[in-house]
Amino acid sequence: GFLGAGKTTLLNRLLKDPALAETAVVINEFGEIGLDHLLVEYISNNVVLLQSGCLCCTTRGDLVDALETLLRDLDNYRCNFRRVVIETTGLADPAPVLHTAMVHPYLVMRYRLDGVITLVDAVNGGATFDAHPEAVKQVAVADRVVLTKTDLVDTPELRAAKDQLVARLRALNPAAPIINAADAAPGRLLDCGLYDPERKAPDVKRWLADEAYAAAEAHAHHHHDRNRHDDRIRAFTLATEAAISGAAFDNFLELLRSMHGPNLLRFKGVVKIAEAPDEPLVVHGVQHLLHPPAKLARWPDDDRRTRLVFIARDLEPRAVRQLFDAFLGATAPDQPDRTALLDNPLVPFGGADR
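Numbered as in the numbering used here, the sequence shown ends at 421 without a single skipped number.
Everything labelled a hint here was simulated from the structure, so no lab data went into it.
It is possible that some hints are incorrect.
What the hints assert, rightly or not - Per label pair, the in silico range of CB-to-CB distance: (1) R237 to A198: 14 to 24 Å; (2) A306 to E89: 31 to 41 Å; (3) A88 to A364: 16 to 26 Å.
By construction, the Cβ of each residue, glycine as well, lies at the ideal position given by its N, Cα and C atoms.
Construct the complete structure from the given sequences, taking the supplied hints into account.
Below, the structure written as structure tokens:
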């Protein structure tokens, strides 16, 4: 599923089901600070974080290493699992991931690819398909398509857009059942049977057949930056020890959404709020859509900093960092007065990296 489709939310719910009691989880993240593994409530020795890039690119070797490590731990009785769930970054091209799982000489001796589950955002799905070919591929290769955020489709315009989206999904992948996220129980998602490209659209077979050559050519001549997916999309982070007031953080999010909403493909984070520094907020957003923050009873790890991870298109990190600093009250000393910046929306935001 593309950025913000709800993969971690669904994974959290599924892992609480007894049907996934013996499940190892591999979480792939795009960017320099990993958060998804902290936001998955089921944390055990069977959770692996891949953080050196997107799975469609340089971390396929890391994926192989992670799956082999899980097997060694299984053979040496250090962990116990019957199934592995790989949660890819939303930017992942699925063809290289599938190719790795289906042809690696050792992995195919010990694993079989049961199926591909793709999540689609009912609110933003149509626009995402228009802008990002990866999202189209993710649906085309799927065995199950899960439609998320249908509870937010509450106007005639959104309902009409959802109907068009469902029709588009069926055209892209007629064989995959479309499941509402509320009904996405393990029994409807798992045990898809051996993955069969012949049952997919004709393009899927071609993508997989071409993958070995295409991947070798692309990466033989390309130094991959783990924080950039292409020339327009990049990941960046904000991190600070300082707490921010709840009202100031709300204002930061609102202004960020109004100024840069269309270019914010995804953001998420844990935030230290001044009024309750021991109870961090978890925040998620996709473009203009901000999900209600959720308060945690405690910090999920020993790092008690605010950490915000952004994946954005055509957006300079300095603009977001300077805006955040303005609300935090920590403008870089070599920058103009932040009040003047905020009063003049035509002045570009800029600032030192935090």
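Tested hints:
The hinted range of 14 to 24 Å is satisfied by R237 and A198, whose Cβ atoms lie roughly 21 Å apart. Between A306 and E89 the beta carbon distance is about 35 Å. The supplied range of 31 to 41 Å therefore holds. A C-beta distance of roughly 24 Å is found between A88 and A364, which places it inside the suggested range of 16 to 26 Å.
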